[in-house]
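Enquirer: With these hints in hand, go ahead and build the complete structure from the sequences.
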Amino acid sequence: MVLADLGRRLSTALRNLSNATIINEQVLSEALGEICRALLEADVNVRLVKQLRENVKQAINFEETAVGLNKRRLIQSAVVKELVRLIDPEVKPWQPVKNKPNIVMFVGLQGSGKTTTCTKYAYHYMRRGWKTALVCADTFRAGAFDQLKQNATKARIPFYGSYTESDPLVIAVDGVETFRKDNFELIVVDTSGRHAQEESLFEEMLQISNGIQPDNIIFVMDASIGQACELQAQAFKSKVDVGSVIVTKLDSHAKGGGALSAVAATKSPIIFIGTGEHIDDFEVFKTKPFISKLLGMGDIQGLVEK
Amino acid sequence: FWSKLKKVNVFASKTLTAEDLRTGVETMREHLIAKNVASDVAEKICESVSTKLAGKTLGSFESLTSNIRQAMRDTLVMILTPKRRIDILRDVVDAQKARRPYSITFCGVNGVGKSTNLAKVAYWLSGNDLRVLIAGCDTFRAGAIEQLKTHVNHLNNIFSEKKMEMIELYQRGYGKDAAGIAAEAINYAKDKKFDVVLIDTAGRMQNDEPLMIALAKLIHVNNPDLVLFVGEALVGNEAVDQVTKFNQALVDNARLHSNPRVIDGIVLTKFDTIDDKVGAAISMTYTTDKPIVFVGIGQQYQDLKTLNADVVTEALLK
Ligand SMILES: Nc1nc2c(ncn2[C@@H]2O[C@H](COP(=O)(O)OP(=O)(O)OP(=O)(O)O)[C@@H](O)[C@H]2O)c(=O)[nH]1
Ligand SMILES: Nc1nc2c(ncn2[C@@H]2O[C@H](COP(=O)(O)OP(=O)(O)OP(=O)(O)O)[C@@H](O)[C@H]2O)c(=O)[nH]1
Ligand SMILES: [Mg+2]
Ligand SMILES: [Mg+2]
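Residue numbers (my numbering), protein chains in the order written: chain A, 3 to 308; chain B, 314 to 631.
Calculated from the structure, these hints are not laboratory results.
The structure displayed is predicted, hence computed values, not measured ones.
Idealized CB from N, CA, C, for every residue including glycine.
Warning: the hint list may mix true and false statements.
Heads up, incomplete: computed chain B residues facing chain A, CB under 10 Å, no partners named [to be verified]:
1) 347
2) 467
3) 492
4) 493
5) 496
6) 547
Expert: Given below as structure tokens:
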């Protein structure tokens, strides 16, 4: 499973904590050290890891807290709470609504997997009976339209694009309009890869977003990304209204922790994960069940609410 | 960061112990990780800096900080400075003398920029009056062939004032065996007197056995002059696993009587997207001990540079 390695290490650290005969500052600090190391090796943002360590330390004041079981439970619950905070933005994921046009725009860094994921996403809904379509608003990347066209054709999803029009805004608006008229329920718009350092690319993204007024913007993130994720995710969020995250390439060896800072930075939940290059290498992601599975704890809900 | 270190200055003349260095080195490790150096690489670098400094006697006015900083700088520059320089233009001339095309294979995980940077290399070579054949050996990903076609058209427009067409695409569409197409392309290049063959391969995950075996086959059958691993500067801890497994796949799947091959060099892409978080350069070179031959700094053909070890080191220490 995704992030499984990380999950195993975290739950081992927590278990060590519950097995320790006495709980003192040293035991806590060792457990925290192990947790932080695991998080850093999984590419979780350094700042977020530091914050986690501080928050847990603060939650547990050794002089004041009671002895024994209570303290153990307190520590566990503080750690779990912080971990949950990393993954769970506590926002209800956006859902398309049947029998009306839902416009979804894909954005992200170069090569993160937008075009591939667009088709997977449309296909997922098409198989569940939605009338879906794809729009290729990437006029920059060489062969972008052919890529989307070949994917869409294989999946039998209607698509819109152009070899001659060079303005992505024009294509996006025309494409969305065309499919809207034909009563499509889910219109998925693919855009070029871009990054925060190039302002004109960000401006273009804003123009497209303003032009098509999407119901949801999905930020696509590669699971192997490291410490640069936060700055990029923040920049995307501050330019357009990102509402969901999809993490791709989780079929690799990557633990995907870098992408978690995209969750923190965009305050948006992960809704799907990509696990391969084929169209059905795609899984629905639900935050809460994921966390309990991740930590291998049935009673996580109890721990968090205490 | 360095201001935090100042607190551990040693004022009297003193022989450094591992204990004296502990806090400083720990701070440094965190600093490197924040710059996107892979955790265990950061760890090992810090260990080696610590070993280098332990036992050293500091003069009364020398600070621990400046000593750590200097040792760190030396170590980083050394990691980034190649033991063996790769001079493609010189090697192409040698191949020309032998009346055969010089060939380069680009490989790496999905979406890192193999095809785009291959096109940039084609631009650079043609600018040096070399005729380039691009071999479309990504027969899997949708649009991969059309992507290369588009680049070849653009590039030939750019070089339209030259006497002959500088760049051509050799392709056999989708679904075919990549190793076979590469072999055909190299033969074609020999017949048509191309100077260089650039072989584009499909992206693959380093843990995907069948695809890694297929890549090793392509390389062992065709024995290209240069095998370049393409990795993106955005990658975090995965950098280590990627380069290690690509290398290992070539070693493990070597064929009897073929030259033993490993990755010869690295193309580090998307360097324009990471500000000062340049740690992937360290993770990759430390792990492979291979030079970064090119750095991709954008999506235009001119956006291909060589690595400046001093600039990268300064960014890491900042
Ligand atoms: N292994 C694996 N590969 C993936 C996954 N998702 C996408 N890819 C591959 O990643 C590469 C890049 O995917 P694209 O969909 O072209 O990425 P993009 O974000 O549209 O790229 P640009 O438009 O250039 O910014 C392709 O080789 C895809 O096949 C995944 O979940 N797993
Ligand atoms: N900003 C930036 N983008 C780059 C750079 N190099 C490549 N890209 C972009 O990264 C995306 C993916 O590039 P490709 O060349 O298609 O990557 P690839 O490795 O061939 O992908 P697959 O063949 O699908 O595995 C494209 O949008 C490129 O324009 C670079 O140096 N800087
Ligand atoms: Mg795309
Ligand atoms: Mg490619």
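Enquirer: Would you pick out the hints that fail for this structure and give their numbers low to high?
Expert: Numbers 3, 4, 5, in rising order.
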